[in-house]
Amino acid sequence: MAEDWQAGGFGLYVHWPFCQAKCPYCDFNSHVVAGVDQERWARALVAEIRRYGEQTGPRVLGSVFFGGGTPSLMGPETVAAVLEAVRETWPRANDLEVTLEANPTSVEAGRFRGYRDAGVTRVSLGVQALDDESLRRLGRLHSADEARAAFGIARDVFERVSFDLIYARQDQGVEDWRRELGAALALAVDHLSLYQLTIEEGTAFGARHAAGGLKGLPDEDRAADLWEVTQEMTAAAGMASYEVSNHARPDAVCYHNMVYWRSGDYAAVGPGAHGRLTLDGQRWATVAHRAPGKWMDGVERTGTGEEERTPLSHEDRLTEMLLMGLRLREGVAVERLDRLGWDPAPARELAEAGWLRFEGGRLAATAQAWPVLNAVLRELVPG
Amino acid sequence: MTDLARIRNFSIVAHIDHGKSTLADRLIQLTGTVAERDMKEQLLDAMDIERERGITIKANTVRIEYPAKDGHTYILNLIDTPGHVDFAYEVSRSMQAVEGSLLVVDATQGVEAQTLANVYAAIDADHEIVPVLNKIDLPAAEPDRIREQIEDIIGIDASEACLISAKTGLGIPDVLEAIVTRLPPPHSGDREAPLKAMLVDSKYDPYLGVVVIVRVIDGVLKKGQRIKMMKTGGTYDIDRIGVYRPAMQEVAELGPGEIGYITAQIKQVRDTRVGDTITTEKKGTETPLPGFKPSIPVVFCGLFPVDSSEFEDLRDAIEKLALNDASFSFEMETSAALGFGFRCGFLGLLHLEVIRDRIEREYNIELITTAPSVVYHVHMRSGEMIELHNPADMPDPTIVDHIEEPRIKATILVPDDYLGDVLKLCQDRRGIQLELTYAGTRPLVVYDLPLNEVVFDFYDRLKSVTKGYASFDYQMIGYRQDSLVKMQILVNDEPVDALSMMVHRDRAEMRGRAMCEKLKELIPRHMFKIPIQAAIGGKVIARETLSALRKDVTAKCYGGDATRKRKLLDKQKAGKKKMRQFGKVDIPQEAFISALKMDG
Chain W
0 MAEDWQAGGF GLYVHWPFCQ AKCPYCDFNS HVVAGVDQER WARALVAEIR RYGEQTGPRV
60 LGSVFFGGGT PSLMGPETVA AVLEAVRETW PRANDLEVTL EANPTSVEAG RFRGYRDAGV
120 TRVSLGVQAL DDESLRRLGR LHSADEARAA FGIARDVFER VSFDLIYARQ DQGVEDWRRE
180 LGAALALAVD HLSLYQLTIE EGTAFGARHA AGGLKGLPDE DRAADLWEVT QEMTAAAGMA
240 SYEVSNHARP DAVCYHNMVY WRSGDYAAVG PGAHGRLTLD GQRWATVAHR APGKWMDGVE
300 RTGTGEEERT PLSHEDRLTE MLLMGLRLRE GVAVERLDRL GWDPAPAREL AEAGWLRFEG
360 GRLAATAQAW PVLNAVLREL VPG
Chain Y
0 MTDLARIRNF SIVAHIDHGK STLADRLIQL TGTVAERDMK EQLLDAMDIE RERGITIKAN
60 TVRIEYPAKD GHTYILNLID TPGHVDFAYE VSRSMQAVEG SLLVVDATQG VEAQTLANVY
120 AAIDADHEIV PVLNKIDLPA AEPDRIREQI EDIIGIDASE ACLISAKTGL GIPDVLEAIV
180 TRLPPPHSGD REAPLKAMLV DSKYDPYLGV VVIVRVIDGV LKKGQRIKMM KTGGTYDIDR
240 IGVYRPAMQE VAELGPGEIG YITAQIKQVR DTRVGDTITT EKKGTETPLP GFKPSIPVVF
300 CGLFPVDSSE FEDLRDAIEK LALNDASFSF EMETSAALGF GFRCGFLGLL HLEVIRDRIE
360 REYNIELITT APSVVYHVHM RSGEMIELHN PADMPDPTIV DHIEEPRIKA TILVPDDYLG
420 DVLKLCQDRR GIQLELTYAG TRPLVVYDLP LNEVVFDFYD RLKSVTKGYA SFDYQMIGYR
480 QDSLVKMQIL VNDEPVDALS MMVHRDRAEM RGRAMCEKLK ELIPRHMFKI PIQAAIGGKV
540 IARETLSALR KDVTAKCYGG DATRKRKLLD KQKAGKKKMR QFGKVDIPQE AFISALKMDG
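Line order of the protein sequences matches chains W and Y.
Mind the numbering: the first sequence is residues 0 to 382 in numbering that gives the first Met the number 0, read in order.
Mind the numbering: the second sequence is residues 0 to 599 in numbering that gives the first Met the number 0, read in order.
Hints are computed from structural coordinates only; laboratory data are not their basis.
Honestly, I wouldn't trust all of these hints.
[As the list claims (entries may be wrong)] Pair ranges (Cβ atoms, derived): (1) W:Glu314 - Y:Thr544: 31 to 39 Å; (2) Y:Lys528 - W:Pro249: 34 to 42 Å; (3) W:Glu314 - Y:His401: 54 to 62 Å; (4) W:Arg135 - Y:Ser463: 40 to 48 Å; (5) W:Glu348 - Y:Glu516: 27 to 35 Å; (6) Y:Glu361 - W:Arg347: 43 to 51 Å; (7) Y:Glu516 - W:Asp170: 44 to 52 Å; (8) W:Glu199 - Y:Thr397: 18 to 26 Å; (9) W:Gly201 - Y:Tyr478: 56 to 64 Å; (10) Y:Glu493 - W:Arg135: 46 to 54 Å; (11) Y:Glu493 - W:Glu219: 20 to 28 Å; (12) W:Leu278 - Y:Ala547: 41 to 49 Å; (13) Y:Asp459 - W:Gly138: 38 to 46 Å; (14) Y:Lys577 - W:Arg154: 50 to 58 Å.
These numbers come from a predicted model, not from an experiment.
Yeah, the Cβ is synthetic: ideal placement off N, Cα and C, and Gly gets one too.
Turn these sequences into a full structure, and let the hints steer you where they fit.
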């Protein structure tokens, strides 16, 4: 019998933990440092890839994703070295997707061709907003014009381009967002990630919000209105959501992220990176040292950047499969849930009430359930 | 035994913060009763809560030896009485056990309502009273004005008041001398008569068992004696006898006029009653001391553990506290909202707070306290009368003839500027004005008020409308019929028993609306909309609707988030288990805690 992860595929995540400046809303593992020894980092990332390669053995790799931090601060030769190691380690799918997250500045756009030559097939641009005032409030270093220019270059250089927008920002009304989203959809874009601004603890926004700052953030009702407008407009433009916050033309779905949502396996290298690996029938959660220095030290001195490796129980796996899978319009294969020994009773009850639907051997959230998916999950997951 | 003429027994009457404990400390210190190195603040207040709040809950006593200017050494026995209206009966017994009082008034503040209540208790006990003006060293002190105020309001001569600073020690020798020269010795006392002693108070000591504070009237208390409590009928053998200095010091006997302690293998404080008469089992006195009253709880509320698994711990804590407090009553209560807990009776709001604080602090149990309720007299059509301690037990209104509620006489002293607000507050709370006079320059307001309005949030409101400048005291005056109804709160059409309350019909709608609005804020949105209603009988008097949840989804959830989101979900599931379920509605604990808070 095929192992469960194969239903989700196999990908590699590479974390580049450095940024030019920390964005006030971002709770990702990112660090601002003066100079980075790119060769040394390339060697360490390569060493980690080889280590995972030995553990997984030869399996077909479907995607590589450079995330961060700001991976567009990597030199093209660093990216090339990593991808070279990838080619030596795993057999690749014919349509291997290689995504790199990039800031839409002119400097970074200047490296796009280099990335393409190294093997990158897709970029995801952190555009975030289409007006300068909003960009300034989000602490971004680029202007709206610069972002449009970078997008144009990316379109010319790469097969596939996606960009991110953050909405439900301070003082953003429904009409403001309608105009902005309309402008975004008018660009020749095949994939869009549309995130509602979330105030995370441990960020600058989190601190300001806790101190009573950040006035004008939408309340729940306005956030819901903004969500509804988003669903309507993207569907009308042929870019309906395939995941809670992700929209694509049918042929442009991001394979790499699908690995996460479909509970596939992913090796993860770089500081703070989280992976999931099924080895000898046991699924493991791996996590690397978060601090760049500590991670580097681990790789160079002890031969591993991993801090912890935790076996996942059937219950953990079930929770993750529902938590991740119901974010997808396609939902989760019931057969996989069955194999993990789930109790379908709560799901049936929720289906009865119109929150979930069983269809074609799959369990999926209904349109009314999506904006309140966390509440549905609280009813659904075991424990 | 000491010659009666060389004994002075006294208490100190003062408002909170006017310096009672500091003065007591100074008296003890100046007479060398405690070595300098053992001095600590508020020597007599034993409990943390007493020290922290500056209040006295249990009576304490200390024996001071004072070599007076006349060349004789006197025995001064100070009884530090509880100072709060909740303990009015205990105060009256302590007052009966001594012959005089020091009336301590802050020379910068003047007389407060609480001082009045206690000074009247002293006057009722026929005390000689020596006024003492404290904090005389402060620039804001106005001794002349305060002297006048004391004469005006209390009607005692204040011309020879002692002027002191308990903090610096200024004037303390004068106070000691005044105790000896101006307070009377014990009025009578016959060493040969049958034993007659007053049980002033008692407390539990983990090593000694119950320690009883006694004042001997006639006869002699001795070690080994077999004694009898005349009210409870209990008989015991005295195994220790002594005095507080303020540490315990054993003595051979206590004779007429003396104050001290005994231990007698008494297991629980509950077996002793404040105000009871102690005599010998054989050949004892026939006539008990007058004035004994059993203490009766007047305010009730439910105490529930926040974590329902702590119910047995709560039972244990309550039983232990009850052993040490005869005035505190409890019985088990089950609430659909709050699970298992106890319906507890208290002497008043302070007593309630003290017990609740002690459970939370000493036993480490987090509590939900339901809205305090008074005892209603429900007269049935059948002629039967039921004492209603819990609104949940209210009988069907169709078989009720009428309901009576307890009323109090409230005495409020308030600066002129806030008089209008205070009068309005009293009127709003269904008060009937009895008096409006001036205590010197300050208005003195006396109102007849329903106790249930007072336990709700009266004191907090009073503090807030007067910016803390009013002082307030009350006494129970009896029961009166009024138009009272039980108001229920329904969440998603299910009654939430813990939120039921008795209210006056005219105030029901306002109270109901406030409660519904508050709950709408406190209950999180669910996946469906939830009606929140206040109802009397079947009739809805207020209604709010909590909209259905519209937006709760994580924006970003990728490979690096799976672990964190899974753990978050597990945590939320665990949190959900701690919520109270009403039909399909989960109500968080905090919602009950906030809704039941007495801030209206």
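Consistency of the hints with the structure:
no., hint, in the structure
1, W:Glu314 - Y:Thr544: 31 to 39 Å, "holds (37 Å)"
2, Y:Lys528 - W:Pro249: 34 to 42 Å, "holds (37 Å)"
3, W:Glu314 - Y:His401: 54 to 62 Å, "holds (60 Å)"
4, W:Arg135 - Y:Ser463: 40 to 48 Å, "holds (44 Å)"
5, W:Glu348 - Y:Glu516: 27 to 35 Å, "holds (32 Å)"
6, Y:Glu361 - W:Arg347: 43 to 51 Å, "holds (49 Å)"
7, Y:Glu516 - W:Asp170: 44 to 52 Å, "violated (28 Å)"
8, W:Glu199 - Y:Thr397: 18 to 26 Å, "violated (58 Å)"
9, W:Gly201 - Y:Tyr478: 56 to 64 Å, "holds (59 Å)"
10, Y:Glu493 - W:Arg135: 46 to 54 Å, "holds (51 Å)"
11, Y:Glu493 - W:Glu219: 20 to 28 Å, "holds (25 Å)"
12, W:Leu278 - Y:Ala547: 41 to 49 Å, "holds (44 Å)"
13, Y:Asp459 - W:Gly138: 38 to 46 Å, "holds (44 Å)"
14, Y:Lys577 - W:Arg154: 50 to 58 Å, "holds (53 Å)"
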